[in-house]
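From first to last, the protein sequence lines are chains G and B. Numbering of the first sequence is given in our numbering, commencing with residue 1 and proceeding in unit increments. Numbering of the second sequence is given in our numbering, commencing with residue 309 and proceeding in unit increments.
If you are wondering where the hints come from, they were derived from the structure by calculation, not from laboratory data. Just so we're clear, the structure is a prediction, and the values are computed from it rather than from any experiment. Honestly, I wouldn't trust all of these hints.
Unchecked claim - Pulled a few chain G residues facing chain B out of the computed Cβ check, cut under 7 Å:
no., residue
1, 61
2, 165
3, 191
4, 194
5, 196
6, 198
7, 281
Just so it is clear, CB atoms sit at the ideal spot from N, CA and C, and this is done for glycine as well.
Chain residues, written in single-letter form:
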Amino acid sequence: MSFAQPSLMPSFTRPPSRVAIVRSARYDLDLGAVLFRALKEFDLPVKGFKVLLKPNFVESDPEGVINTHPAVVGAVRETFLRLGAESVRVAEGPAHERDMEAILETIRLRNFLGPLPGLFVDLNLDEVHAVNLRTRASKLKQLYLPRTVLEADYIVSLPKLKTHHWAGVTLSLKNMFGIVPGCCYGWPKNVLHWAGITPSLLDINSTVRPDFAIVDGIIGMEGNGPIQGSPKPSGVLILGDDPVAVDATCARVMGLAPERIDYLAKAGMLLGHLKPEKIRQLGECVASVRTPFAVLPAFQRLVAAKGK
Amino acid sequence: MQVADSTPGSDRQIQNPNAEPRFASPESRVPNPVSRARMTSGQLRDSHCLEFLITNQNSDGGWGYHPASLSAVEATAWGLAALISSRRAPPPAEVCARARDWLLQAQQTDGSWPPFPGQPQGCWVTSIASQALHLHGGAQNAVQRGLHWLLNAWPAEGTVWWRLRQTLFPSRVARQDSSLRGWNWTPGTASWVEPTAHALLFLRSLPMEILPPQAAKRRQLAECMLFDRMCPGGGWNSGNPLVYGVAGVPRIGPTAWALLALRNHSERPEIQTSLGWLEGTYGAIHGAASLALAHRCLTAYGRRVSPLAPALGELYSPNHFFDSMLTNAWIVLALNEEGSAVVPTAGEAANR
């Protein structure tokens, strides 16, 4: 079995990244049309590809604040099919909840995607392959990763715009923790915590870097995220072809300084762009949609200076 | 996935140092199309799930997490336990024997089991595999070796170095007593609720006379650990019970397993509070696996719960339980215990 791996290049050798910010105040609007317009600008090479969407489904949360909203997942799937993808599957491996069916039924995903068997894959219980990690930020060296992820031609990280009580924020890079299978590593995936959140995150994303990221910031979460925070309506979808640049832009929208977020600062050295001058901004500008998120006292140092 | 590196011959191959798992050949899987549990009159019976398990057993004798997927230790152990539990419609002995043989072959030389054969490291599934073999009988040597590995498997927290570090730099985020150690998911990590509960359930199923002296100490420590990790309002989760002073939200799975493992402490107020939480949540469960676990747990404590079959029938319709082996196995276990007071096993009674 072989799979394509991302290039690892120092930031100064990379071409500029593209990030679009589009407004959408509610989930019941025509998100498919909004996303199709935005994605057309990227001219993505997905025709005939097997696309895998990796949302952030964490818990059985009927309120729709913790998880990527199913309306966004449905709209993204529809959009990639319109762009010519051969297939678009959805896959997730929650860290805290083994009963995937309970999560999917609570959020009513099938109302937005249709019948789920065959379309949705529980990454916690997928077949696995041993993969040597491409970087040595952590001591892990190797992880078992799900076949569904390794066989995908194109991976889209679909997180929620949230604060995180261990990492500061959880966005498209942190969302990739969900590809690590629980059947091998348990619930939560404690091996990643012992190896260090930042180093593990770098190693996972250097090995399976998402090709594209779309962040659900229509209603985000502030404070004690990623589970017990408060809803934060932000009215945006943030998307781009570089997950580091997307996450950095998200942090700026949240009123945080991305270079002060440990894992983002390090990811900016090898995996993508952090600096605004290396990010080609499409759609709205950051300043016009900035919505400062409340953070826990331990993360006050992440708050950006006024006007930044 | 990113396809930026076009260098011919670059490192695009998965390097698997463990080669192919021993039972990984495609021929070892079920050759037929997926056979779903067939349901009649809106009620799911244990025979439907049993049929699903029997039909979808891989030709190597194991079960994958889903039909026609690679045999996995956890799925096989639960499949075997479910078949053994079926009193109304005992499955063919050969089906159980093949599953037993598969488990025996998958056991490592140190007595442990990895998640999938061919993986080098034993882990949490050892408790479940050992218990399934013990229930089946006739493989006591393998059970003893599993027991020996478990009793010598310690989580990473609680070592002298760890405790010194905790004393010098106490966590300001989460609070727990790290001297209370149970079992971890994987070697080199910390104790967690579910692997600890599975290990306790296995220990309690064994007769006293085969337990070495250190088993009692480990049991006591692990039970204390479970009580320490309980969420403030009752129940357990897969995270921390208290983060930044905010109580964690309990979850069905960890709560049910912890309660089943702590059945010999039923008089304690923590148990009663947790049972209360589970009872209160029972009506709003949206997943068949959680429902079966919660039902099994509440029944074990003699609590009255609404019949399982109609609720499962409703849950079955939209997704067919995602053809999950675990869900089907847990349903068989729950339906076979329904309506019957759960009597402690000989081992449990002697260990009390």
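We went through each hint and held it up to the structure:
| no. | hint | result |
| --- | --- | --- |
| 1 | 61 | 10 Å, violated |
| 2 | 165 | 6 Å, holds |
| 3 | 191 | 5 Å, holds |
| 4 | 194 | 5 Å, holds |
| 5 | 196 | 13 Å, violated |
| 6 | 198 | 16 Å, violated |
| 7 | 281 | 22 Å, violated |
This entry does not satisfy hints 1, 5, 6 and 7, going by the numbered hints stated previously.
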